[in-house]
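Engineer: Please construct the entire structure, taking both the sequences and the accompanying hints into account.
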Amino acid sequence: MVIDMHLHPIFYKPVCTDEETLKFRMDQFGVWKQGPMDWDEIFAEMDVCGIEKSVMLPVDLTTTAGGMIISNDESAELERLQPGRMIGFASVDPHRGDAATELVRALDELGLHGLSLHPSKQKFHPDDPAAEELYRICEERNVPVIMHAGMSWEPDAPAKYGDPLQFEEMIMRHPDLRICLTHFAWPWVREMVMLMIKYPNVYTDTSVLYLDSPEESMMRLFTVDMGPRWFERGFSKQVMFASNTPRFRAFKLKRALDKVPMRKDARDGLYYKNALRFLYGKEYDSED
Amino acid sequence: MVVLKEIRHLSKSVEEYFNITEEVRRIVKESGVMNGLVAVITAHTTTGIMVNEALPCVERDISDLLERTVPPDAPYAHAHFLPDYGATGNNSQGHLKGMLMGNHCMFPVAGGQIVCGGAQEIYLVDFDGPQARKVYVEVMGETE
Chain A
1 MVIDMHLHPI
11 FYKPVCTDEE
21 TLKFRMDQFG
31 VWKQGPMDWD
41 EIFAEMDVCG
51 IEKSVMLPVD
61 LTTTAGGMII
71 SNDESAELER
81 LQPGRMIGFA
91 SVDPHRGDAA
101 TELVRALDEL
111 GLHGLSLHPS
121 KQKFHPDDPA
131 AEELYRICEE
141 RNVPVIMHAG
151 MSWEPDAPAK
161 YGDPLQFEEM
171 IMRHPDLRIC
181 LTHFAWPWVR
191 EMVMLMIKYP
201 NVYTDTSVLY
211 LDSPEESMMR
221 LFTVDMGPRW
231 FERGFSKQVM
241 FASNTPRFRA
251 FKLKRALDKV
261 PMRKDARDGL
271 YYKNALRFLY
281 GKEYDSED
Chain B
1001 MVVLKEIRHL
1011 SKSVEEYFNI
1021 TEEVRRIVKE
1031 SGVMNGLVAV
1041 ITAHTTTGIM
1051 VNEALPCVER
1061 DISDLLERTV
1071 PPDAPYAHAH
1081 FLPDYGATGN
1091 NSQGHLKGML
1101 MGNHCMFPVA
1111 GGQIVCGGAQ
1121 EIYLVDFDGP
1131 QARKVYVEVM
1141 GETE
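Line order of the protein sequences matches chains A and B.
Heads up, the first sequence is in the numbering used here, so the first residue is 1 and it goes up one at a time.
Heads up, the second sequence is in the numbering used here, so the first residue is 1001 and it goes up one at a time.
Treat the hints as calculated values from the structure; they're not laboratory data.
All of these numbers come straight from a predicted model, not from anything done at the bench.
Treat the hints with care, as some may be off.
Computed footprint of chain B on chain A, listed as stretches where at least three residues anywhere in the stretch have a Cβ under 8 Å from a Cβ of chain B [as the list claims (entries may be wrong)]:
#: 1; segment: 39 to 52
#: 2; segment: 205 to 218
#: 3; segment: 246 to 260
Below, in silico cross-link-like pairs of lysine to aspartate or glutamate (EDC-like), each with a Cα-Cα straight-line distance of 20 Å or less [what the hints assert, rightly or not]:
#: 4; chain 1: B; residue 1: 1134; chain 2: A; residue 2: 38
#: 5; chain 1: B; residue 1: 1012; chain 2: A; residue 2: 38
#: 6; chain 1: A; residue 1: 33; chain 2: B; residue 2: 1084
#: 7; chain 1: A; residue 1: 13; chain 2: A; residue 2: 73
Far from chain B, by Cβ distances over 10 Å, these chain A residues were calculated [what the hints assert, rightly or not]:
#: 8; residue: 97
#: 9; residue: 128
#: 10; residue: 137
#: 11; residue: 187
#: 12; residue: 199
#: 13; residue: 226
#: 14; residue: 276
The beta-carbon is built from N, C-alpha and C at its ideal position, and this holds for glycine as well.
Structural biologist: Structure below.
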C-alpha cells in the first residue's frame, strides 16, 4: 500500500466548473499547460504505483489573493465522491476574521481530516498569534496539521515564512499536535532533520523534486543531503510519501524511492504506516 | 473530401502498446472516401505511431530495443523544473522514444478500405503514461 500525503486537486473535473476559478487556481499555484482530469485518469496515475489513498490539500488565500486553491466544500465534495480513496483536508486563512469558525465548520460539519496551512502563500509566521487558535482547535480534535515549508514554487510566496526554524516555537507549544512540514523544508533539509529528532510529533514529506531526475533527486536527498542511514536510524516514523501532484508525477517519485536502499520496516513507514499514524494518531501493524 | 476524426485512449501503464487498427479501419469505412489516403497522427510528443506485426514478442523486442537505446537513467538535460509548466519535466525518455518511433503513419485507401499488408497493424504507443491520449485520423480522397 502507498498513501500520497500531498496533492492539490486543482484539475479534478468535478471541481472544475468554471474557467475563471480554474484560472485563479492555476495562476496562484503556478501550474499551467494541464487541464481537467476525469476520475479514470486520476486513478490510472494512482494505480500504476500502488497509491491506495491520496490526501487533498486546499489552500485558503482569502485575504492575500481573494480566493482559494480548492475550497473546504470542494475538498469535502471530492472525498464524498470517492470515499476510501480521497482524504480531504481543510484550509483556512489565519488572517480571516472568521478563521476559527470556518475551521470548526470544516472539521465538525464537513468532516475534513486535518488542516492545511501555507505560511508563504498566506503570509504569516507559524507562531503568529492569529494561527494559535487554529492549532488549538486541531489539537482538541486530535487532527493533524500540514504546513507547507521550505521553498514554494507558487508565485508571491516568500521563502522566509517557510524556514523550518520559524516553526520551532509553535511546535514546542503543541507537543501533542501532529505537524507535517512539507517538502523536507527544502533547501533546509538538515534543519528539518533537526526538528524531527528533537520533536517526535513533527513529520515531513518527500515531495522534493526541484532539481535533477526523480532518481537523482531522491538518492541525493536520502544519501547526500542526509547521511545514508539517518532516515532509518533517526526518524523512520516521521517521513511520509508525497508527490505534490500536479507539480510532480507520483509514480516517478515512487519509482525513484524504490531505488533508495533502506530497511523494509523503514520503507513501509515511508510508504504508508507513517501516514496512517499521522492521520489517525495510532499505530497500524498491518495493511488493515 | 477530407474527414478528420479523433481516437481517444487512456493508457494505464508507463509504457503501453495499444493497437488502433480496427478503429482506423472503421473511421476510413465510415468516412465515405473511396480512393485516397489516410493519415494517423498523434497529438503528443511522448507517444509514437507504429506500424508493425501485432505479436507480443515483437512488441517486447521493440520495447527492449528502445529501452537500451534510451535508458531511463541517462543524464538528460530535460530533467529540471519548467517554469512555464510549473512542473518538473523528467520525461526525456518519452520524448526521445517518441521521436525515434515517429508521430504518424499513412496508408492508401482504395475501394473504401485501407490498403496494407497482412502483418501491418497500427499502434499508438505511450512512452509517458498513464495519460489520456488523442490520435487524429484524417481521411482524404475521392468519394466515387
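Engineer: Against this structure, judge whether each hint is valid.
Structural biologist: Structure-based check of all given hints:
no. : hint             : verdict
1   : 39 to 52         : holds (count 6)
2   : 205 to 218       : holds (count 8)
3   : 246 to 260       : holds (count 6)
4   : B:1134 with A:38 : holds (15 Å)
5   : B:1012 with A:38 : holds (14 Å)
6   : A:33 with B:1084 : holds (8 Å)
7   : A:13 with A:73   : holds (15 Å)
8   : 97               : holds (31 Å)
9   : 128              : holds (27 Å)
10  : 137              : holds (32 Å)
11  : 187              : holds (14 Å)
12  : 199              : holds (30 Å)
13  : 226              : holds (21 Å)
14  : 276              : holds (26 Å)
Consistency note: the structure conflicts with none of the earlier hints.
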